[in-house]
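Please assemble the complex out of the two chains, which come individually in their own frames, going by the hints.
Chains as they are written, first to last, in my numbering: chain U, 1 to 111; chain H, 1001 to 1115.
Quick caveat, the hints were computed from the structure, so don't treat them as lab data. Quick caveat, the model's predicted, so the values are computed rather than measured. Where hints are given, some of them may not hold.
Listed below are the simulated EDC-like cross-link pairs for lysine to aspartate or glutamate, each with C-alpha atoms no more than 16 angstroms apart in a straight line [said to hold, decoys possible]:
id, chain 1, residue 1, chain 2, residue 2
1, H, 1005, U, 42
2, U, 72, U, 27
3, U, 57, H, 1102
4, H, 1037, U, 42
5, U, 98, H, 1030
6, H, 1017, H, 1084
7, H, 1044, H, 1057
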Amino acid sequence: QQQVRQSPQSLTVWEGETAILNCSYEDSTFNYFPWYQQFPGEGPALLISIRSVSDKKEDGRFTIFFNKREKKLSLHITDSQPGDSATYFCAPRNMGYKLTFGTGTSLLVDP
Amino acid sequence: DTTVKQNPRYKLARVGKPVNLICSQTMNHDTMYWYQKKPNQAPKLLLFYYDKILNREADTFEKFQSSRPNNSFCSLYIGSAGLEYSAMYLCASRSRDWGDQDTQYFGPGTRLLVL
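Excised from the complex, chain H in its bound form (with noise of 0.2 angstroms):
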């Protein structure tokens, strides 16, 4: 089974509000992805777990937060909601056994839309 799930698939939330994000994967994984993607960009890489290890990316440092409480889950936080954040959130999980294929498997993704 390589499937990795989201929930929810669609979240509404009020500007200010904070807005919570899970991810879980059951491949035993060892890297966890979240990437946000807007119309017409690039999906961006948000930040990413190594085992425990959480590595955010340097533009988006302050404005995200994460956890991984196991290895088969990983969430996605936002303290406090603006309207930029209104995107779908991807997340993906990778295997530290790359073999010939070296794959991020990717969940179907969480639309969010901030008003």
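So that you can see chain U by itself, here it is in the shape it has in the complex (with noise of 0.2 angstroms):
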């Protein structure tokens, strides 16, 4: 059973587009949702996060919107860069010390 799904597998923009990353998920008592970003070579590391009373965080060119009726948020890179070329990984948890990862986005971005 997989708890965290991620959509798409991988992703391809032009630099300046926007891209849209999904992650719905199963376990309702999830209250706290990371994005980690993880470039080829090192480990993620935590990009944006966003508690489940929010349905929105914005920091910088990266949004977290949250969903919390239909178990669903999505990460929004606006104005993506070549540097953003990475793997993204949804990573939601609920008060324990557990991260519960999906599968990842594989995302280019073209220039």
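Here you go:
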């Protein structure tokens, strides 16, 4: 049973476009939703996060939209840059210590 | 310094032989994690230490051992490697003082190949 689903598996956008990465989950106890960004040869690093009491979180060009009722969230990357090319993981958590990772979306931004 | 270090970065092991992977952090984090990552799969939590208390996931309970001799170091031990253990192993640490950013800090990983 896959608790956290991400789509698409891979995505290519042109430089300057908006990339939209999707995440859905099943566990209604999840209340914290971080997105991790991973570059080749490196470990994942926290990019942006949202708590379930909010429906939107912005940080520069990165925005999370959260729909608690539908158990869905999305990461929007506006004005995409080649340096944004990476794998993005949605990794929600409940009150415990454990993150539950999705399979990730591999983003390629073409210059 | 928010660096988590892992050694070695690459490890070649023979089937049936033991494997020991090392992780260290100098952030005085109370919780350290080990994940297994295979291509096109989600990182899978294997176990974690909260202070000196080891918590192992039910489905990997007997496959992996770990030790944490002090707050900075954590090891992952495979007693008898099988081909299915070939993967990237990621170590992470997390602070008790979350603030607004509840963050796990990841190391670069150790790529294990079992032949």
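For each hint, the structure was consulted:
Simply put, residue 1005 of chain H and residue 42 of chain U have alpha-carbon atoms about 11 angstroms apart, close enough for the 16 angstroms limit, and the pair holds. The straight-line distance between the Cα atoms of residue 72 of chain U and residue 27 of chain U is roughly 11 angstroms, inside the 16 angstroms bound, and the hint therefore holds. Between residue 57 of chain U and residue 1102 of chain H the alpha-carbon distance is near 15 angstroms, which keeps this suggested pair within the 16 angstroms criterion. A C-alpha spacing of about 13 angstroms is found between residue 1037 of chain H and residue 42 of chain U, which places the hinted pair at or below 16 angstroms, so the restraint holds.
Between residue 98 of chain U and residue 1030 of chain H the alpha-carbon distance is near 14 angstroms, which keeps this suggested pair within the 16 angstroms criterion. For the suggested pair residue 1017 of chain H and residue 1084 of chain H, the alpha carbons sit about 13 angstroms apart, so the restraint of at most 16 angstroms is met. Between the alpha carbons of residue 1044 of chain H and residue 1057 of chain H the distance comes to roughly 10 angstroms, so the proposed pair stays at or under 16 angstroms and holds.
Consistency note: the structure conflicts with none of the earlier hints.
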